[in-house]
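Trainee: The primary structure of each chain is shown beneath.
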Amino acid sequence: MRLTHLATSTPAVDVGTKQGLMFGGYFYGTASKYLPVEAGTYDVLVFRSGTTTVLGTLRVNLQSGNLYTGLILGSSSNGSLVVSLNLDL
Amino acid sequence: MEATSPVLLSLVLVLLVSTCQAESAIRFLHAVANEEPLFFSAGQTIRTDTLRYKQQSRALFPVPSGVYPFQAAISFNQSVVIAYDAYIKDELNYTFVAAGLVPNVLPLLLIDEGDVKPEPVRLTRLLLWFFKHLIFPPLPLNRVLRLCG
Chain A
13 MRLTHLATST PAVDVGTKQG LMFGGYFYGT ASKYLPVEAG TYDVLVFRSG TTTVLGTLRV
73 NLQSGNLYTG LILGSSSNGS LVVSLNLDL
Chain B
210 MEATSPVLLS LVLVLLVSTC QAESAIRFLH AVANEEPLFF SAGQTIRTDT LRYKQQSRAL
270 FPVPSGVYPF QAAISFNQSV VIAYDAYIKD ELNYTFVAAG LVPNVLPLLL IDEGDVKPEP
330 VRLTRLLLWF FKHLIFPPLP LNRVLRLCG
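Chain order of the listed sequences is A and B. Everything in the first sequence is counted per this note's numbering, starting at 13 for the first residue and increasing by one. Everything in the second sequence is counted per this note's numbering, starting at 210 for the first residue and increasing by one.
Everything labelled a hint here was simulated from the structure, so no lab data went into it. Check each hint, because a few of them may be wrong.
Stated by the list, open to error - Straight line, CA to CA, 25 Å or less: simulated BS3-like cross-link-like pairs of lysine-lysine:
#1 Lys-30(A) - Lys-45(A)
#2 Lys-298(B) - Lys-45(A)
#3 Lys-45(A) - Lys-263(B)
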């Protein structure tokens with residue numbers, strides 16, 4: 013799974029679950045590398061980087077052997093921030 | 210040497226052809242916030258179907274390496290929201306993203322790292338291998354067997 017921060021007027025974000033951080037410190041227009049993630053269902057949380065302020069959430073069900081891109085879209089400045097997941101392969 | 214040369218030449222030709230056919234692949238993602246459906250194009254030959262916000266093209270379009278004039282345009286009036294020239298390198302897969310908000314649309318070219326194919330055969334290495342075998346032809350099979358005991 014990888015992450016892309018595509019939400020305008022939105023500060024840097026960290027992304028993780030209640031169990032821990034997955035991606036840290038991503039700015040608008042940047043993307044992470046693919047990281048291996050165990051298959052399963054996760055409640056993904058998007059935080060304002062370096063804080064516990066939650067900007068968005070998404071429940072995802074990751075299947076074994078697939079590649080996913082997590083998209084952070086919209087904007088946190090007008091409350092339109094959304095988190096989405098695309099299946100790449 | 211006379212017997213091995215045609216075989217070697219054929220092998221070299223096959224390898225050269227497979228090297229020259231090395232291609233990249235690209236897909237497209239509409240991430241322009243709450244924008245109308247878009248279609249993407251790259252030059253004259255590549256054009257996607259209409260993609261909704263947050264949707265990416267399912268197809269991976271095969272492309273030879275080179276510079277491509279990527280464009281995203283609003284489907285219903287053909288109004289171009291982003292035009293961006295990007296270099297596509299052999300043997301990598303990419304996602305071209307249009308993100309942000311009109312009129313400040315951000316182009317992004319992501320390398321789909323998980324899809325990277327093995328390193329292609331390098332032409333220089335191939336030629337070195339060819340000349341080496343031209344000068345020092347491989348041993349006949351019966352001699353190899355003898356050497357191996």
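Trainee: Please flag the earlier hints that this structure goes against, numbers listed from lowest up.
Mentor: none
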